[in-house]
Amino acid sequence: MSRREPLRGEMPHGSMWGRVGAMVLRHLYLMRSSWPRVVELAYWPTIQMVIWGFVTLYLLQSSSVIANAAGVLVTAVILWDVLFRGQLGFTLSFIEEIWSRNLGNLAVSPLRPHELLVALTVMSFLRTLIGVLPATGLAILFYGISIYDLGLPLVAFVACLLVMSWALGMLVSSLILRVGQGAENVAWLAIFLLAPISSVYYPVSVLPPWLQAIAWCFPMTPTFEGMRAILIHGTFRPDLLVQALALDGVYLAIGAAVFLYTFRVARRHGLLLQQGE
Amino acid sequence: MQARPARLWPRRGRHAICGRVSQQPPSGGAPAIEIHELTKRFGDFTAVDRLSFSVAPGETVALLGGNGAGKTTTISMLLGLLLPSGGSVRMLGCDMARHPHRVLHRINFSSPYVDLPRRLTVGQNLGFFARLYGIPDRRARLDELAHALDLEGIWNKRTGRLSAGQKTRVSLAKALINRPEVLLLDEPTASLDPDTADWLRSYLERYQAERHAAILLASHNMAEVERLCDRVVMLKAGRLVDEATPAALLRKYGRTNLEEVFLDIARDRRSEHLPAPPAEHSHHTEGGEL
Chain A
29 MSRREPLRGE
39 MPHGSMWGRV
49 GAMVLRHLYL
59 MRSSWPRVVE
69 LAYWPTIQMV
79 IWGFVTLYLL
89 QSSSVIANAA
99 GVLVTAVILW
109 DVLFRGQLGF
119 TLSFIEEIWS
129 RNLGNLAVSP
139 LRPHELLVAL
149 TVMSFLRTLI
159 GVLPATGLAI
169 LFYGISIYDL
179 GLPLVAFVAC
189 LLVMSWALGM
199 LVSSLILRVG
209 QGAENVAWLA
219 IFLLAPISSV
229 YYPVSVLPPW
239 LQAIAWCFPM
249 TPTFEGMRAI
259 LIHGTFRPDL
269 LVQALALDGV
279 YLAIGAAVFL
289 YTFRVARRHG
299 LLLQQGE
Chain B
27 MQARPARLWP
37 RRGRHAICGR
47 VSQQPPSGGA
57 PAIEIHELTK
67 RFGDFTAVDR
77 LSFSVAPGET
87 VALLGGNGAG
97 KTTTISMLLG
107 LLLPSGGSVR
117 MLGCDMARHP
127 HRVLHRINFS
137 SPYVDLPRRL
147 TVGQNLGFFA
157 RLYGIPDRRA
167 RLDELAHALD
177 LEGIWNKRTG
187 RLSAGQKTRV
197 SLAKALINRP
207 EVLLLDEPTA
217 SLDPDTADWL
227 RSYLERYQAE
237 RHAAILLASH
247 NMAEVERLCD
257 RVVMLKAGRL
267 VDEATPAALL
277 RKYGRTNLEE
287 VFLDIARDRR
297 SEHLPAPPAE
307 HSHHTEGGEL
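Chains as they are written, first to last, in the numbering used here: chain A, 29 to 305; chain B, 27 to 316.
One or more hints might be untrue.
Claimed, not checked - The calculated SDA-like cross-link candidates involving lysine to any residue, where the alpha carbons are at most 20 Å apart (straight line), are: (1) B/K183 with A/L56; (2) B/K183 with A/P231; (3) B/K193 with A/W63; (4) B/K183 with A/W63.
Source of the hints: derived by calculation from the structure; they are not laboratory data.
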């Protein structure tokens, strides 16, 4: 598409990536100004990894199953945190705009709602990296367990979980936009509703058959089953990866559609100017 | 009053309307703001009721009314923050309910209902908004604003630690960052001391004169309105009850200042003070209400 040259004295209004970059920079400024925010990002993933590392060491002494796949639990914990931190990173970046009463400024700027989604997604990715990378390093240092031993499939697993985390982040942010800050706790709790059926720490086969059917409807189940297939049986299951990616596509489309619809509803009800502390 | 250096902006030779370019001078073009039968209902409550008025480029218009009269709701609809229940809003020729992003880069606003991120410094905040609005030669524009609005001394200070007057100057810098052709200001001098408020009015007068911008101002400060505004739109319970120049309103109500006019309207006392038939430039709407 051709772009009209700006006239003398007229302000051109930049590109989508310029606006997304501005949003990302704004959140990086915020993180730089507040070290507790950065520490908090890495705190829980590290603590979780340490606890489950000791559990693994204990089980190694008594279980041949665990001894055959020493890194399963720690790897599962770290990958679960990718999902959790990804969703939280998306939602908290959105809530920061509400806390700072900046949503009205953004809504009347050239930033479009879908660009806001892209910016929040980039922030989620960065926050997840900051949160999870130290835990992966410490897992190697403390227990000699490296999730990087998964090789290239690790990239696929992380991608599957991140995309699902963004979809969840969009749904939770929509709820907060619609209901207000009273729904803020949902940001922290939403993911745990799905934890029992995500097959993180146990195979999906331990669930009752009716719950297994539900579990397979979410991309976490094929992702964690795929992880176990590599770590326990040494086989890569492309069928599970394809299933996870297909489900990711569906949930991401639903999440984006709900967010954009909610943004429009917020314009109808005047919620964009009422949000704040 | 503390003297601050004036800053001249380059004048625009041509006027762009909704992405297209008009060769007409701004004053001869379409209204910068045009609302027609604008209505907003929240359930059974009608916040804005069939409101119609326009603002020409280069004109400053005040939106007056008591609390709950519908000023902020009207401004929210003008900005596309709120969808109307009926009627239309056009800004620089664009339908704000349908295509707000075609003109949002040519508009800006300042409102007590929004804040700038408090943990960011003044420089970071303005740099962020300059990027968001795609300002070319960002550094020069930021320097220009810092100089014109006397922000150099607080450039590296966190926005959350500024005084009310400093915050207002920073908010105004944000509102002017894209050299808006339409500027919407919701109570711009509320909570300011008289000196800072007077300085801000002078600045707005200069900006309006230099850029030929359309300014819509919601205010409770009648002296401010008399000084700044070419025209006044009076609202009550979401309806337009009067629209005229400040001088015409004073003549019409037989008062010496706008505050008395405001009280007459707010307390339904208009008929007691009407000395003569409606004056020039004044048109009366929803007259049965008064």
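Quick rundown of the hints versus the structure:
no.: 1; hint: B/K183 with A/L56; in the structure: holds, 17 Å
no.: 2; hint: B/K183 with A/P231; in the structure: violated, 54 Å
no.: 3; hint: B/K193 with A/W63; in the structure: violated, 25 Å
no.: 4; hint: B/K183 with A/W63; in the structure: holds, 18 Å
When held up to the earlier numbered hints, the structure conflicts with 2 and 3 and fits the remainder.
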